[in-house]
Amino acid sequence: MNEHPIGTLDLEERRLAALASYDVLDTPREREFDEIARLASDICETPIAVVNLIGASRQFFKAEVGLGVRETPFESSFCAKAILEDEFLLVPDATKDCRFDGNPLVTGEPHLRFYAGALLKTADGFPLGTICVLDYQPKTLTELQQRTLRVLASQVMAQLELRKVLQVQARELAIERRLSARRQAQASKLGRVSDQARQEEERYRAAHGAGRVGVFEIDVPTGQMTVSEEFCRIFGVPVRRHYPASTFENIVLPEDRRAISSDDSRREGTAELDVEYRIRRENDQSLRWISRRARFTVGETGVDRMIGIILDITESKQKDVRTQALLSLGDRLRVARSAQEAARTAAETLGEGLGVNRAGYATIDLPANAFLVEFDWLEPGASSMEGRHPLTAFQATTARLASGETLAVPNIPAAPWLGADAHAYEAAGIRSFIKVPILEAGTLIGVLFAHDDTPRFWTNDEMAFAWGVADRTYAALGKLQAEAQQRLLNEELSHRLKNTLAMVQAIAGQTLKNVTEQEAVRAFTSRLQSLSTAHDVLLQQSWTAADMREIVQAVLRPHAEPARFSISGPELKIGPKAGLSISLILHELATNALKYGSLSNSEGHVDISWEIQGEAAESRLVFIWAERLGPPVTEPSRRGFGSRLIRMGIIGTADVDKSYFPTGLVAVFRAPLGLVREVG
Amino acid sequence: MASAQKPVAAVLVVEDEPLIRMSAVDLVEEAGFKAVEADNADQALAILQSGEPIHGVFTDIDMPGSIDGVALANVVREQWPGIVILVASGKRHVSEVQLPPGAHYFPKPYDAKSVIRTLEDGLPI
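Sequences listed follow chains A and B, in order.
Take 1 as the starting number for the first sequence in my numbering and just add one per residue.
Take 1 as the starting number for the second sequence in my numbering and just add one per residue.
Fair warning: there could be bad hints in the mix.
[Unchecked claim] Keeping only pairs whose Cα atoms sit at most 16 Å apart, straight-line, the calculated EDC-like set for lysine to aspartate or glutamate is:
no., chain 1, residue 1, chain 2, residue 2
1, A, K577, A, E492
2, A, K513, B, E30
3, B, K91, B, D62
4, B, K113, A, E561
5, A, K164, A, D124
6, A, K164, A, D23
7, B, K34, B, E120
8, A, K96, A, D135
9, B, K91, A, D536
10, A, K573, A, E550
11, A, K319, A, D461
12, A, K513, B, D121
13, A, K317, A, E352
14, B, K34, B, E52
15, A, K479, A, E440
16, A, K317, A, E276
17, B, K113, A, E519
18, B, K113, B, E52
19, A, K513, B, D26
20, A, K595, A, E519
21, A, K577, A, D536
22, B, K91, A, E492
23, A, K595, A, E635
24, B, K91, A, E491
Hints in this document: simulated from the structure, not taken from any laboratory.
Build the full structure now, drawing on both the sequences and the hints.
In structure tokens:
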């Protein structure tokens with residue numbers, strides 16, 4: 001191995017660089033790796049198992065069972081050979097294999113005969129070492145044992161990846177520290193950092209146990225299970241080697257128990273092998289998705305063992321849930337009526353989507369150096385942060401957010417850049433958070449936040465989800481703001497219009513003061529009022545549509561007691577033109593009824609009703625004014641403005657039937673529905 | 001025979017727009033009351049404080065001066081609780097919180113009949 005073929009030189013250098021990036025050589029034993037080695041030895045039924053890393057001309061045992069040493073001479077390494085082979089190397093009897101029959105460990109002490117190794121390979125395909133099992137006797141591995149060894153190899157890689165992520169983070173922390181050292185004159189202590197990183201890893205694992213493989217074996221006749229440490233963590237039970245299968249079966253959600261195996265289905269070998277189910281994790285009762293893959297081994301008396309692995313797949317399941325949540329958030333925000341409602345909806349979506357303690361939206365008032373939380377979504381037991389707070393306790397956080405940076409802090413005490421902010425978070429019981437800034441014209445105006453009281457890693461999915469929520473919230477807030485401005489403008493215009501109408505009324509009053517026919521003057525001013533009333537109803541919908549019933553009620557209100565009218569008809573939104581037209585017509589009808597018709601006595605009544613007739617393009621509004629119990633009426637001979645206005649019909653359609661029955665006037669108006677609904 | 005002639009009730013009309021004030025005065029007089037004019041709330045308060053007998057106040061809301069019609073209505077309710085208060089405005093909604101209890105609100109352009117009816121109901125004739 002000292003001389004590389006020319007073509008592999010580059011490759012070997014890159015492989016060594018990859019290995020170095022994991023910074024694992026010469027590190028102390030770690031339980032996770034030991035556990036994997038132990039499992040390999042148990043499952044493969046060999047006295048020796050090793051997690052082995054191949055450096056430059058040396059090999060290092062990250063974990064070992066049955067050897068008692070952490071390093072052996074490189075020249076005699078099986079694994080150095082294995083690393084040149086494919087994914088898997090199986091040597092049933094080394095004395096009969098030309099690659100090993102000269103190996104001093106085979107020819108002399110400890111007389112190794114059997115070797116099987118699965119490659120530890122990075123995502124880029126660089127081999128780092130192996131997980132291997134060895135025996136003093138020649139033997140072979142069943143297919144299942146071989147497969148398990150490969151699974152354990154990827155488990156080792158998962159551990160190495162995790163360590164690496166934590167170390168990169170620790171290094172970033174160290175850089176942060178160095179930067180702040182200028183101010184604090186405080187040197188970074190690498191040891192403490194890596195301690196912290198390790199603690200974080202522990203907590204992360206305790207909290208999630210996600211993305212790791214748990215291994216199990218069920219002794220079918222007895223229902224006794226042998227499980228790995230990771231298996232216990234995934235289920236949230238105390239770490240033990242043996243459990244009755246029923247312990248885990250009871251943790252599975254009752255509605256998902258159909259998916260899992262039972263004593264019977266295992267004995268019969270009919271249990272499904274690859275299944276997904278949900279559990280209520282024992283230690284924290286959190287809902288997790290589990291994927292299980294298993295195989296049976298068959299002995300002389302039938303199925304004797306079920307061996308398999310489990311994976312916590314909650315993350316990927318949650319991803320689907322979050323995608324769905326974002327879609328429904330968009331729909332809900334579109335119909336939100338106020339900024340408060342939009343912020344509330346966003347907080348709920350974020351909180352539920354991330355499964356945190358607290359989520360909310362804070363309005364930032366930089367000039368006043370304060371922030372306002374109008375609403376926060378809370379997990380049961382979490383305390384609210386609603387209200388106005390000074391920003392002074394969050395200077396470092398605010399500075400970063402103001403520069404547009406999204407903050408995802410997995411563990412607040414391990415983020416020295418937070419400086420004094422950390423105390424404020426501690427006081428509020430916050431250990432980790434995601435904060436997405438919302439900027440307007442370069443100024444920080446709001447922050448969407450998610451807090452948790454435990455340290456937690458924020459995955460890329462979770463970050464993307466938070467961004468998705470923030471983007472949609474921002475768009476919704478912008479739309480609401482524009483609408484609010486429009487409303488304000490409408491109110492102001494309406495105010496002016498009505499003052500103008502009041503002026504017209506006053507001018508008419510003064511101009512026509514000496515006109516003998518004061519009746520005409522009053523008719524004029526009351527028409528002005530009904531116009532103004534219709535305007536009010538239309539304004540409520542920003543002049544886009546008005547409710548028919550509201551128009552009718554508002555116009556008739558000044559004329560007589562509500563008890564004198566019956567109003568009936570389907571809910572109908574009508575456009576502004578039709579609204580004004582119907583208002584003026586109703587005003588004239590009511591005025592006439594007061595003078596001559598059914599409102600001129602004490603017992604008369606008016607039935608006002610409308611309906612839609614016909615289908616689609618043919619559909620029309622039929623509006624009926626029917627008086628009864630009034631004095632006998634006849635068609636008036638004189639045609640004034642009022643009766644001309646009525647004859648014009650709704651929006652000038654002139655489709656009107658007026659009948660003077662002895663019981664009272666009945667007027668039927670018709671107009672195409674499209675015209676009635678027309679906006680503008 | 002000096003009849004114990006009942007003095008005519010007086011209504012203070014407060015409105016900055018002269019035309020509208022003019023027609024409001026007409027309306028009050030038509031109803032048989034005496035109209036006293038003020039073109040803003042400050043002037044109205046001065047008249048009230050002068051001791052001139054006033055039984056009703058009919059005021060606009062938006063007017064120049066230190067206080068608006070809503071504030072005037074509240075001061076009147078506070079200091080002269082017996083006075084009938086009528087408020088008119090082009091604003092769509094005047095929340096009842098803003099106006100003192102018992103004050104009557106009329107959207108502009110107002111209906112002369114309901115204003116007169118309110119005056120007749122509330123004032124001694």
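Hint check results:
1. Between K577(A) and E492(A) the alpha-carbon distance is near 21 Å, which puts this suggested pair outside the 16 Å criterion.
2. Proposed proximity of K513(A) and E30(B) is supported: the alpha carbons are some 12 Å apart, at most 16 Å.
3. Straight-line distance between C-alpha atoms of K91(B) and D62(B) comes to about 9 Å, which keeps the hinted pair within the 16 Å bound.
4. Taking the CA atoms of K113(B) and E561(A), the gap is about 15 Å. The hint holds against a cut of 16 Å.
5. With a C-alpha separation of about 15 Å, the suggested pair K164(A) and D124(A) falls inside the 16 Å cut-off, and the hint holds.
6. A hinted pair counts as satisfied when its Cα atoms are at most 16 Å apart, and K164(A) with D23(A) qualifies at roughly 8 Å.
7. The suggested pairing of K34(B) with E120(B) holds, with an alpha-carbon distance near 13 Å, which does not exceed 16 Å.
8. Of the supplied pair hints, the one linking K96(A) and D135(A) holds, its CA atoms being roughly 15 Å apart against a limit of 16 Å.
9. Taken as a hint, the K91(B) and D536(A) pair is honoured in the structure, with Cα atoms around 10 Å apart against an allowance of 16 Å.
10. Proposed proximity of K573(A) and E550(A) is supported: the alpha carbons are some 10 Å apart, at most 16 Å.
11. Between K319(A) and D461(A), the direct Cα distance comes to roughly 7 Å. Compliance with the 16 Å bound is thereby established for this hinted pair.
12. A threshold of 16 Å between alpha carbons decides the hint, and for K513(A) with D121(B) the separation of about 25 Å lies outside it, so the pair is violated.
13. With a C-alpha separation of about 14 Å, the suggested pairing of K317(A) with E352(A) holds against the 16 Å cut-off.
14. Between K34(B) and E52(B), the direct Cα distance comes to roughly 12 Å. Compliance with the 16 Å bound is thereby established for this hinted pair.
15. Simply put, K479(A) and E440(A) have alpha-carbon atoms about 13 Å apart, close enough for the 16 Å limit, and the pair holds.
16. Simply put, K317(A) and E276(A) have alpha-carbon atoms about 11 Å apart, close enough for the 16 Å limit, and the pair holds.
17. For the proposed pair K113(B) and E519(A), the alpha carbon gap of about 13 Å is at most 16 Å, so the pair holds.
18. For the proposed pair K113(B) and E52(B), the alpha carbon gap of about 27 Å is over 16 Å, so the pair is violated.
19. Among the hinted pairs, K513(A) with D26(B) is consistent with the structure: their alpha-carbon atoms are about 10 Å apart, no more than 16 Å.
20. Simply put, K595(A) and E519(A) have alpha-carbon atoms about 11 Å apart, close enough for the 16 Å limit, and the pair holds.
21. Using a Cα cut-off of 16 Å, the hinted pair K577(A) and D536(A) holds, with the two alpha carbons roughly 14 Å apart.
22. In summary, the hint linking K91(B) to E492(A) is supported, as the alpha carbons are separated by about 8 Å, within the 16 Å threshold.
23. A distance of roughly 13 Å separates the Cα atoms of K595(A) and E635(A); the hinted pair therefore holds under the 16 Å criterion.
24. Using a Cα cut-off of 16 Å, the hinted pair K91(B) and E491(A) holds, with the two alpha carbons roughly 8 Å apart.
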